[in-house]
Amino acid sequence: MSFLGQTLAIAAKDLRSEVRSKETVNASLSFALVILLLFSFAFDPDSDQVREIAGGLLWLVFAFAGTLILNRSFARELVNDCLDALIASPVSGAQLFLGKCLANYALLMIVECISLPIFAIFYNVRLPQRLALLFLVMLLGTWGLTVIGTLFSAMTVNLRLRELMLPTLVYPLLIPALMGAIQLSTVLIAGDTLGEQNLFWFRLLVAFDVIFTILSLGLVEIVLVG
Amino acid sequence: MSPASAVAIEGVWKYFGDFPALRDISFDVKAGSCLALLGRNGAGKTTLLRILAGLSKAARGRITILGLDPRAEKTRQRIGMLGHGIGVYEELSAFENLRLFGRLYGVDDPRKTATEWLERTGLDRVRDGLVREFSRGMRQRLAVARCFLHNPSLLLLDEPFTALDDRAIQVLQELLKTALAEGRTIIMSTHQLREALELATDVALINRGKLGFRGERTWEMLEDPGWLYRHYGEA
Numbered sequence: 001m002s003f004l005g006q007t008l009a010i011a012a013k014d015l016r017s018e019v020r021s022k023e024t025v026n027a028s029l030s031f032a033l034v035i036l037l038l039f040s041f042a043f044d045p046d047s048d049q050v051r052e053i054a055g056g057l058l059w060l061v062f063a064f065a066g067t068l069i070l071n072r073s074f075a076r077e078l079v080n081d082c083l084d085a086l087i088a089s090p091v092s093g094a095q096l097f098l099g100k101c102l103a104n105y106a107l108l109m110i111v112e113c114i115s116l117p118i119f120a121i122f123y124n125v126r127l128p129q130r131l132a133l134l135f136l137v138m139l140l141g142t143w144g145l146t147v148i149g150t151l152f153s154a155m156t157v158n159l160r161l162r163e164l165m166l167p168t169l170v171y172p173l174l175i176p177a178l179m180g181a182i183q184l185s186t187v188l189i190a191g192d193t194l195g196e197q198n199l200f201w202f203r204l205l206v207a208f209d210v211i212f213t214i215l216s217l218g219l220v221e222i223v224l225v226g
Numbered sequence: 001m002s003p004a005s006a007v008a009i010e011g012v013w014k015y016f017g018d019f020p021a022l023r024d025i026s027f028d029v030k031a032g033s034c035l036a037l038l039g040r041n042g043a044g045k046t047t048l049l050r051i052l053a054g055l056s057k058a059a060r061g062r063i064t065i066l067g068l069d070p071r072a073e074k075t076r077q078r079i080g081m082l083g084h085g086i087g088v089y090e091e092l093s094a095f096e097n098l099r100l101f102g103r104l105y106g107v108d109d110p111r112k113t114a115t116e117w118l119e120r121t122g123l124d125r126v127r128d129g130l131v132r133e134f135s136r137g138m139r140q141r142l143a144v145a146r147c148f149l150h151n152p153s154l155l156l157l158d159e160p161f162t163a164l165d166d167r168a169i170q171v172l173q174e175l176l177k178t179a180l181a182e183g184r185t186i187i188m189s190t191h192q193l194r195e196a197l198e199l200a201t202d203v204a205l206i207n208r209g210k211l212g213f214r215g216e217r218t219w220e221m222l223e224d225p226g227w228l229y230r231h232y233g234e235a
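Top to bottom, those sequences are chains A and B.
My numbering applies: residue 1 is where the first sequence begins, and numbers increase by one.
My numbering applies: residue 1 is where the second sequence begins, and numbers increase by one.
The hints are simulated quantities; they were obtained by calculation from the structure and are not laboratory data.
Take the hints with a grain of salt, since some may be wrong.
To be verified - Footprint (simulated), chain A over chain B, 3 or more residues, beta carbon under 8 Å:
id	region
1	55-65
2	69-82
3	201-208
Only a predicted model underlies this, so the values are computations on that prediction, with no experimental measurement involved.
Don't be surprised by glycine CBs; every beta carbon is placed ideally from N, CA and C.
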């Protein structure tokens, strides 16, 4: 079977398990909704202030809810020592990592796509006419979150405090990607035009994704086997 | 490493922190033989098997499996590992588990192979049942099928008879006998001396991380499984 075929087999396995157990999507989605609801009490939905911080609010929700999915990514392999069975198989660390990333990415995007319209309702925000551009920002920002989160999920899988360690390690590294995604989302939700300065954030997001994907692919074998 | 060796272990050390779990272990395993890896709890048997399976790295020393590094893709393709955990997914069916590992091991027809192994291990009637609904014995038989599915040349079995029901022990013993007859190599750690020594052609005893004995299995061992521990075990 080809590199891609084995990678997709791992991703399909994770998605099939999640569809049957629904353990992470339910938790992540509930958490996202609770945060959105709680924050909505703190701001007046009609104020301009909301539009100014809309991008930040949205991405904080995505990042917080996302770590719940990412935390379980490798932890679910501990049941029955499945991680050992995967590492002992001829699948490379890169394939295992990419398969996990693809499954996590799909789950994160599902949570985000459900959270976005709810965010718009709670905060009285009109979703931008250029929704495709906002979706592109979500795709780029979420891939960065997925790659870093999946790598650290593998790194912290055997720690007792992994639920605490993962966000502690992931959020500082995510700052550049989050800054880019927040800036672009805020501009798009406010309905402003994207200028030259905003293109910088697009480039930053793309560069972040490419650099950390390559780095993670290079490091994952060491993380898994030592 | 002699040309007939399937596994060559030379001066292997492994530390957990400052504690040496394996101390200068060296021995070969002939191709087509069955080595019973014996030792008390904590002696280092599982640590050694994990290094052989490519799940962990030795701090010092050299290991070659079928002439290659344990982490080489071609090596892993030819190893079947049955560890303490059964290595199958609770949320997948028996068939889905075997098909998945068939795909990961590059088996020619994963669906057909999965179906065949479900029949061989007596799990064909629960083919589409989720593993989370299986009894312990059924899970163990599925784990055995996962281990043998890709026709491995080297079988690494860590206490394979533990927690098996009668039927699963019978299935495993038959599979191991067939594997030996087909010229495969088996390394098996166990505390069930009688079952292991009946199959084994060779024996290695590890005492607190050091090799205490390495040699062929003798009739004395078979008649009195405690003989080895009395003569070569730790004081």
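Quick rundown of the hints versus the structure:
For the region 55-65 of chain B, the assignment as covered by chain A holds, since 3 residues bring a beta-carbon within under 8 Å of that chain's beta-carbons and 3 suffice. As drawn, the region 69-82 of chain B meets chain A at 7 residues by the rule of a beta-carbon pair under 8 Å; at three or more, the given contact holds. Coverage of the region 201-208 of chain B by chain A is violated. Counting CB-CB distances below 8 Å, 0 residues qualify, and the rule asks for three or more.
Consistency with the previously given hints fails for number 3 only.
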